[in-house]
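Residue 507 in the numbering used here is what sits at position 176 of the sequence shown, and the numbering runs on without skipping anything.
Hints in this document: simulated from the structure, not taken from any laboratory.
Below 20 Å or equal to it, Euclidean Cα-Cα: the simulated SDA-like pairs (lysine to any residue) are:
| hint | residue 1 | residue 2 |
| --- | --- | --- |
| 1 | Lys-541 | Asn-450 |
| 2 | Lys-428 | Leu-334 |
| 3 | Lys-621 | Asp-601 |
| 4 | Lys-428 | Gln-350 |
| 5 | Lys-572 | Tyr-588 |
| 6 | Lys-339 | Leu-459 |
| 7 | Lys-621 | Glu-632 |
| 8 | Lys-541 | Ala-569 |
| 9 | Lys-605 | Glu-623 |
| 10 | Lys-605 | Leu-630 |
| 11 | Lys-541 | Arg-443 |
| 12 | Lys-572 | Arg-589 |
| 13 | Lys-572 | Val-356 |
| 14 | Lys-598 | Glu-632 |
| 15 | Lys-428 | Arg-346 |
| 16 | Lys-541 | Glu-426 |
| 17 | Lys-428 | Glu-358 |
Pairwise CB distance ranges, derived in the manner of DEER restraints:
| hint | residue 1 | residue 2 | range |
| --- | --- | --- | --- |
| 18 | Arg-604 | Arg-354 | 44 to 52 Å |
| 19 | Gly-622 | Asp-507 | 43 to 51 Å |
| 20 | Glu-511 | Ala-473 | 29 to 37 Å |
| 21 | Asn-405 | Ile-379 | 30 to 38 Å |
| 22 | Ala-583 | Ile-379 | 19 to 27 Å |
| 23 | Gly-591 | Met-503 | 41 to 49 Å |
| 24 | Arg-415 | His-444 | 18 to 26 Å |
| 25 | Ala-362 | Glu-632 | 35 to 43 Å |
| 26 | Gly-408 | Met-503 | 51 to 59 Å |
| 27 | Pro-579 | Ala-522 | 47 to 55 Å |
We put the beta carbon where it would ideally sit given N, CA and C, even for glycine.
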Amino acid sequence: MPLNSDQKAEIEAQRATPQSTLRAVSEGMEAHLYTAYPVLDHGFVRVIDYMGDDAAICQAARVSYGKGTKSVQNDEGLIRYLMRHWHSTPFEMCEVKLHVKLPVFVARQWIRHRTANVNEYSARYSILDREFYIPAPEDLAAQSVINNQGRGEALSGEEAERVLRYLRDDAMRAYDHYEEMISDEGQQGLARELARMNLPANIYTQWYWKVDLHNLLHFLRLRADAHAQYEIRVYADAICKVVADWVPAAYAAFEDYRMGGATLSSKALDTVRKMLKGEEVTQESSGMSKGEWREFMGLIEE
332 MPLNSDQKAE IEAQRATPQS TLRAVSEGME AHLYTAYPVL DHGFVRVIDY MGDDAAICQA
392 ARVSYGKGTK SVQNDEGLIR YLMRHWHSTP FEMCEVKLHV KLPVFVARQW IRHRTANVNE
452 YSARYSILDR EFYIPAPEDL AAQSVINNQG RGEALSGEEA ERVLRYLRDD AMRAYDHYEE
512 MISDEGQQGL ARELARMNLP ANIYTQWYWK VDLHNLLHFL RLRADAHAQY EIRVYADAIC
572 KVVADWVPAA YAAFEDYRMG GATLSSKALD TVRKMLKGEE VTQESSGMSK GEWREFMGLI
632 EE
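Starting from the given sequences, assemble the full structure and let the hints guide the process.
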(Lines of atoms letter the chains of each structure in order from A and count residues from 1; the text may use other names and numbers.)
(Lines give C-alpha, C1' and ligand atoms only; values in the text may rest on other atoms or scores of the structure.)
Protein backbone atom coordinates (compact mmCIF):
# COMPACT_ATOMS: atom_id res chain seq x y z
CA MET A 1 0.00 0.00 0.00
CA PRO A 2 1.50 3.40 -0.97
CA LEU A 3 0.46 5.14 2.29
CA ASN A 4 0.05 3.62 5.72
CA SER A 5 -2.72 4.66 8.11
CA ASP A 6 -0.50 7.04 10.09
CA GLN A 7 0.61 8.86 6.95
CA LYS A 8 -2.97 9.17 5.72
CA ALA A 9 -4.05 10.61 9.07
CA GLU A 10 -1.14 13.08 9.00
CA ILE A 11 -2.07 14.26 5.49
CA GLU A 12 -5.74 14.68 6.40
CA ALA A 13 -4.77 16.72 9.47
CA GLN A 14 -2.40 18.94 7.48
CA ARG A 15 -4.94 19.64 4.74
CA ALA A 16 -7.66 20.32 7.32
CA THR A 17 -5.69 23.08 9.07
CA PRO A 18 -4.70 25.75 6.51
CA GLN A 19 -2.53 28.61 7.78
CA SER A 20 -2.55 32.28 6.77
CA THR A 21 0.76 33.61 5.46
CA LEU A 22 2.41 36.76 4.16
CA ARG A 23 4.83 34.91 1.91
CA ALA A 24 4.39 34.42 -1.83
CA VAL A 25 1.95 31.63 -2.60
CA SER A 26 1.53 29.58 -5.76
CA GLU A 27 -2.13 28.65 -6.07
CA GLY A 28 -1.20 25.80 -8.38
CA MET A 29 1.17 24.33 -5.80
CA GLU A 30 -1.25 24.85 -2.93
CA ALA A 31 -3.59 22.37 -4.64
CA HIS A 32 -0.83 19.73 -4.54
CA LEU A 33 0.36 20.19 -0.94
CA TYR A 34 0.50 16.95 1.07
CA THR A 35 -1.36 14.92 -1.57
CA ALA A 36 0.35 11.60 -2.37
CA TYR A 37 0.44 10.68 -6.05
CA PRO A 38 0.87 6.91 -6.61
CA VAL A 39 3.91 5.78 -8.60
CA LEU A 40 4.74 2.16 -9.53
CA ASP A 41 3.06 -0.50 -7.40
CA HIS A 42 3.73 0.81 -3.87
CA GLY A 43 5.47 4.16 -4.33
CA PHE A 44 4.34 7.78 -4.24
CA VAL A 45 5.45 11.40 -4.52
CA ARG A 46 4.00 14.21 -2.41
CA VAL A 47 4.87 17.85 -1.75
CA ILE A 48 5.69 18.65 1.88
CA ASP A 49 6.64 22.32 1.45
CA TYR A 50 7.77 24.83 -1.15
CA MET A 51 9.15 28.35 -1.48
CA GLY A 52 8.74 30.85 -4.33
CA ASP A 53 6.87 31.05 -7.61
CA ASP A 54 7.37 32.49 -11.10
CA ALA A 55 7.44 36.02 -9.67
CA ALA A 56 10.27 35.05 -7.30
CA ILE A 57 12.41 34.08 -10.30
CA CYS A 58 11.87 37.50 -11.89
CA GLN A 59 12.40 39.29 -8.59
CA ALA A 60 15.76 37.60 -8.13
CA ALA A 61 16.80 38.33 -11.71
CA ARG A 62 16.08 42.04 -11.22
CA VAL A 63 17.45 42.11 -7.66
CA SER A 64 14.43 44.12 -6.56
CA TYR A 65 11.52 44.01 -4.17
CA GLY A 66 7.92 43.50 -5.17
CA LYS A 67 6.78 41.92 -8.41
CA GLY A 68 9.23 43.76 -10.64
CA THR A 69 7.01 44.58 -13.61
CA LYS A 70 3.38 45.45 -14.20
CA SER A 71 2.98 42.92 -17.01
CA VAL A 72 2.79 39.15 -16.61
CA GLN A 73 3.82 38.90 -20.25
CA ASN A 74 7.05 40.79 -19.46
CA ASP A 75 7.76 38.36 -16.63
CA GLU A 76 7.20 35.40 -18.91
CA GLY A 77 9.53 36.95 -21.47
CA LEU A 78 12.21 37.41 -18.83
CA ILE A 79 11.86 33.81 -17.65
CA ARG A 80 12.18 32.56 -21.21
CA TYR A 81 15.29 34.71 -21.67
CA LEU A 82 16.82 33.31 -18.49
CA MET A 83 16.06 29.74 -19.55
CA ARG A 84 17.26 30.31 -23.11
CA HIS A 85 20.61 31.70 -21.96
CA TRP A 86 21.14 29.10 -19.22
CA HIS A 87 20.97 31.53 -16.28
CA SER A 88 20.71 29.44 -13.14
CA THR A 89 20.70 31.54 -9.95
CA PRO A 90 17.23 33.12 -10.41
CA PHE A 91 15.71 29.62 -10.60
CA GLU A 92 17.60 28.62 -7.46
CA MET A 93 15.42 31.05 -5.49
CA CYS A 94 12.53 28.56 -5.64
CA GLU A 95 12.66 25.34 -3.61
CA VAL A 96 10.47 22.32 -3.02
CA LYS A 97 10.55 19.54 -0.43
CA LEU A 98 9.18 16.19 -1.56
CA HIS A 99 8.35 13.01 0.31
CA VAL A 100 9.11 10.08 -1.98
CA LYS A 101 8.58 6.36 -1.54
CA LEU A 102 10.65 4.39 -4.05
CA PRO A 103 12.52 1.11 -4.60
CA VAL A 104 16.09 1.08 -3.31
CA PHE A 105 17.61 0.53 -6.75
CA VAL A 106 15.77 3.63 -8.02
CA ALA A 107 16.95 5.60 -4.99
CA ARG A 108 20.58 4.67 -5.72
CA GLN A 109 20.19 6.02 -9.25
CA TRP A 110 18.34 9.12 -8.02
CA ILE A 111 20.96 9.97 -5.37
CA ARG A 112 23.54 10.54 -8.11
CA HIS A 113 21.93 13.98 -8.37
CA ARG A 114 23.96 15.37 -5.49
CA THR A 115 22.58 18.93 -5.57
CA ALA A 116 19.78 18.29 -3.06
CA ASN A 117 19.22 17.73 0.66
CA VAL A 118 18.17 14.19 1.53
CA ASN A 119 17.04 12.41 4.66
CA GLU A 120 16.21 8.73 4.16
CA TYR A 121 14.26 6.22 6.23
CA SER A 122 16.78 4.40 8.42
CA ALA A 123 16.79 0.61 8.44
CA ARG A 124 19.30 0.80 11.31
CA TYR A 125 16.56 2.07 13.64
CA SER A 126 13.34 0.89 12.01
CA ILE A 127 12.10 -2.27 10.35
CA LEU A 128 11.42 -2.03 6.64
CA ASP A 129 7.96 -3.03 5.39
CA ARG A 130 7.41 -6.14 3.31
CA GLU A 131 6.92 -4.16 0.11
CA PHE A 132 8.80 -4.85 -3.08
CA TYR A 133 8.64 -3.46 -6.58
CA ILE A 134 7.48 -6.16 -8.96
CA PRO A 135 7.29 -4.90 -12.56
CA ALA A 136 4.13 -5.22 -14.60
CA PRO A 137 4.56 -7.94 -17.24
CA GLU A 138 4.64 -5.35 -20.03
CA ASP A 139 7.60 -3.61 -18.36
CA LEU A 140 9.84 -6.69 -18.46
CA ALA A 141 12.40 -6.49 -21.24
CA ALA A 142 15.60 -8.17 -22.39
CA GLN A 143 18.99 -6.48 -22.38
CA SER A 144 19.45 -4.08 -25.30
CA VAL A 145 22.00 -5.19 -27.88
CA ILE A 146 22.71 -1.53 -28.77
CA ASN A 147 22.73 0.26 -25.41
CA ASN A 148 24.59 -1.46 -22.56
CA GLN A 149 22.45 0.36 -19.97
CA GLY A 150 19.10 0.02 -21.70
CA ARG A 151 16.31 -2.40 -22.53
CA GLY A 152 15.52 -4.27 -25.69
CA GLU A 153 12.52 -6.35 -26.73
CA ALA A 154 9.82 -7.12 -24.15
CA LEU A 155 9.72 -10.56 -22.57
CA SER A 156 6.55 -12.56 -23.00
CA GLY A 157 4.86 -15.84 -22.25
CA GLU A 158 6.61 -18.40 -20.06
CA GLU A 159 9.83 -16.39 -19.94
CA ALA A 160 8.06 -13.37 -18.43
CA GLU A 161 6.18 -15.57 -15.96
CA ARG A 162 9.43 -17.24 -14.88
CA VAL A 163 11.15 -13.87 -14.26
CA LEU A 164 8.20 -12.52 -12.27
CA ARG A 165 8.11 -15.71 -10.19
CA TYR A 166 11.83 -15.37 -9.41
CA LEU A 167 11.42 -11.72 -8.41
CA ARG A 168 8.48 -12.42 -6.10
CA ASP A 169 9.85 -15.62 -4.56
CA ASP A 170 13.37 -14.28 -3.99
CA ALA A 171 12.05 -11.07 -2.41
CA MET A 172 9.69 -12.91 -0.05
CA ARG A 173 12.35 -15.46 0.93
CA ALA A 174 14.86 -12.71 1.70
CA TYR A 175 12.30 -10.85 3.82
CA ASP A 176 11.37 -14.02 5.70
CA HIS A 177 15.03 -14.47 6.64
CA TYR A 178 15.29 -10.76 7.51
CA GLU A 179 12.39 -11.12 9.95
CA GLU A 180 13.85 -14.28 11.45
CA MET A 181 17.25 -12.69 12.00
CA ILE A 182 15.92 -9.60 13.81
CA SER A 183 13.35 -11.43 15.94
CA ASP A 184 14.70 -14.87 16.82
CA GLU A 185 12.47 -16.32 19.52
CA GLY A 186 14.25 -16.61 22.84
CA GLN A 187 17.29 -14.77 21.51
CA GLN A 188 18.25 -11.15 21.19
CA GLY A 189 18.26 -11.23 17.41
CA LEU A 190 20.67 -9.79 14.88
CA ALA A 191 21.19 -6.02 14.83
CA ARG A 192 18.91 -4.33 12.31
CA GLU A 193 21.85 -2.56 10.70
CA LEU A 194 23.29 -5.99 9.83
CA ALA A 195 20.06 -7.80 8.98
CA ARG A 196 19.15 -5.20 6.35
CA MET A 197 22.05 -6.28 4.11
CA ASN A 198 20.10 -9.42 3.21
CA LEU A 199 17.25 -7.44 1.64
CA PRO A 200 16.98 -7.12 -2.17
CA ALA A 201 17.34 -3.86 -4.09
CA ASN A 202 13.65 -3.83 -5.07
CA ILE A 203 12.47 -3.27 -1.48
CA TYR A 204 10.91 0.14 -0.89
CA THR A 205 12.53 2.97 1.05
CA GLN A 206 11.36 6.54 1.72
CA TRP A 207 13.03 9.92 1.92
CA TYR A 208 12.52 13.65 2.11
CA TRP A 209 14.21 15.31 -0.87
CA LYS A 210 14.61 19.12 -0.88
CA VAL A 211 15.94 20.78 -4.01
CA ASP A 212 15.95 24.18 -5.70
CA LEU A 213 14.14 24.66 -9.01
CA HIS A 214 17.30 24.97 -11.13
CA ASN A 215 18.62 21.58 -10.00
CA LEU A 216 15.16 20.04 -10.05
CA LEU A 217 14.76 21.00 -13.72
CA HIS A 218 18.16 19.46 -14.44
CA PHE A 219 16.97 16.26 -12.76
CA LEU A 220 13.76 16.30 -14.80
CA ARG A 221 15.59 16.99 -18.06
CA LEU A 222 17.52 13.73 -17.59
CA ARG A 223 15.01 11.53 -15.80
CA ALA A 224 11.80 12.50 -17.63
CA ASP A 225 13.54 11.89 -20.94
CA ALA A 226 12.23 9.01 -23.05
CA HIS A 227 15.65 7.30 -22.79
CA ALA A 228 15.68 7.29 -18.98
CA GLN A 229 14.99 4.06 -17.09
CA TYR A 230 11.24 3.52 -16.81
CA GLU A 231 11.23 3.08 -13.03
CA ILE A 232 12.75 6.51 -12.37
CA ARG A 233 11.04 8.18 -15.34
CA VAL A 234 7.57 7.61 -13.88
CA TYR A 235 8.63 9.49 -10.74
CA ALA A 236 10.00 12.33 -12.88
CA ASP A 237 6.75 12.41 -14.85
CA ALA A 238 4.73 12.74 -11.64
CA ILE A 239 6.98 15.60 -10.45
CA CYS A 240 6.67 17.33 -13.84
CA LYS A 241 2.91 17.62 -13.36
CA VAL A 242 3.43 19.30 -9.99
CA VAL A 243 6.11 21.70 -11.26
CA ALA A 244 3.91 22.71 -14.21
CA ASP A 245 1.29 23.97 -11.74
CA TRP A 246 3.82 25.46 -9.31
CA VAL A 247 5.77 27.66 -11.77
CA PRO A 248 3.82 27.51 -15.06
CA ALA A 249 5.91 30.13 -16.91
CA ALA A 250 9.22 28.54 -15.91
CA TYR A 251 7.97 25.06 -16.74
CA ALA A 252 6.69 26.16 -20.17
CA ALA A 253 10.13 27.63 -20.94
CA PHE A 254 11.76 24.45 -19.64
CA GLU A 255 9.60 22.30 -21.94
CA ASP A 256 10.46 24.50 -24.91
CA TYR A 257 14.21 24.99 -24.44
CA ARG A 258 15.24 21.89 -22.49
CA MET A 259 12.82 19.02 -23.03
CA GLY A 260 11.86 20.00 -26.57
CA GLY A 261 15.15 21.56 -27.62
CA ALA A 262 18.59 20.21 -28.45
CA THR A 263 22.20 21.30 -28.17
CA LEU A 264 24.31 21.03 -31.33
CA SER A 265 28.08 20.77 -31.56
CA SER A 266 29.96 23.12 -33.88
CA LYS A 267 30.31 20.25 -36.40
CA ALA A 268 26.60 19.50 -36.26
CA LEU A 269 25.70 23.18 -36.65
CA ASP A 270 28.05 23.47 -39.62
CA THR A 271 26.36 20.40 -41.13
CA VAL A 272 22.91 22.00 -40.75
CA ARG A 273 24.15 25.15 -42.52
CA LYS A 274 25.49 23.09 -45.41
CA MET A 275 22.24 21.14 -45.68
CA LEU A 276 20.24 24.40 -45.78
CA LYS A 277 22.41 25.48 -48.70
CA GLY A 278 21.50 22.26 -50.50
CA GLU A 279 24.88 20.59 -50.05
CA GLU A 280 25.07 16.84 -49.55
CA VAL A 281 26.73 15.86 -46.27
CA THR A 282 27.70 12.35 -45.18
CA GLN A 283 28.96 11.04 -41.89
CA GLU A 284 32.48 10.93 -43.25
CA SER A 285 32.43 14.49 -44.60
CA SER A 286 30.74 15.90 -41.49
CA GLY A 287 33.71 15.14 -39.24
CA MET A 288 31.39 13.47 -36.73
CA SER A 289 31.85 9.98 -35.35
CA LYS A 290 29.34 7.27 -36.24
CA GLY A 291 27.69 7.66 -32.85
CA GLU A 292 27.48 11.45 -33.16
CA TRP A 293 26.10 11.15 -36.70
CA ARG A 294 23.45 8.65 -35.60
CA GLU A 295 22.30 10.96 -32.80
CA PHE A 296 22.37 13.99 -35.10
CA MET A 297 20.27 12.26 -37.74
CA GLY A 298 17.87 11.13 -35.04
CA LEU A 299 17.34 14.78 -34.10
CA ILE A 300 16.73 16.21 -37.56
CA GLU A 301 14.69 13.30 -38.90
CA GLU A 302 12.17 13.05 -36.05
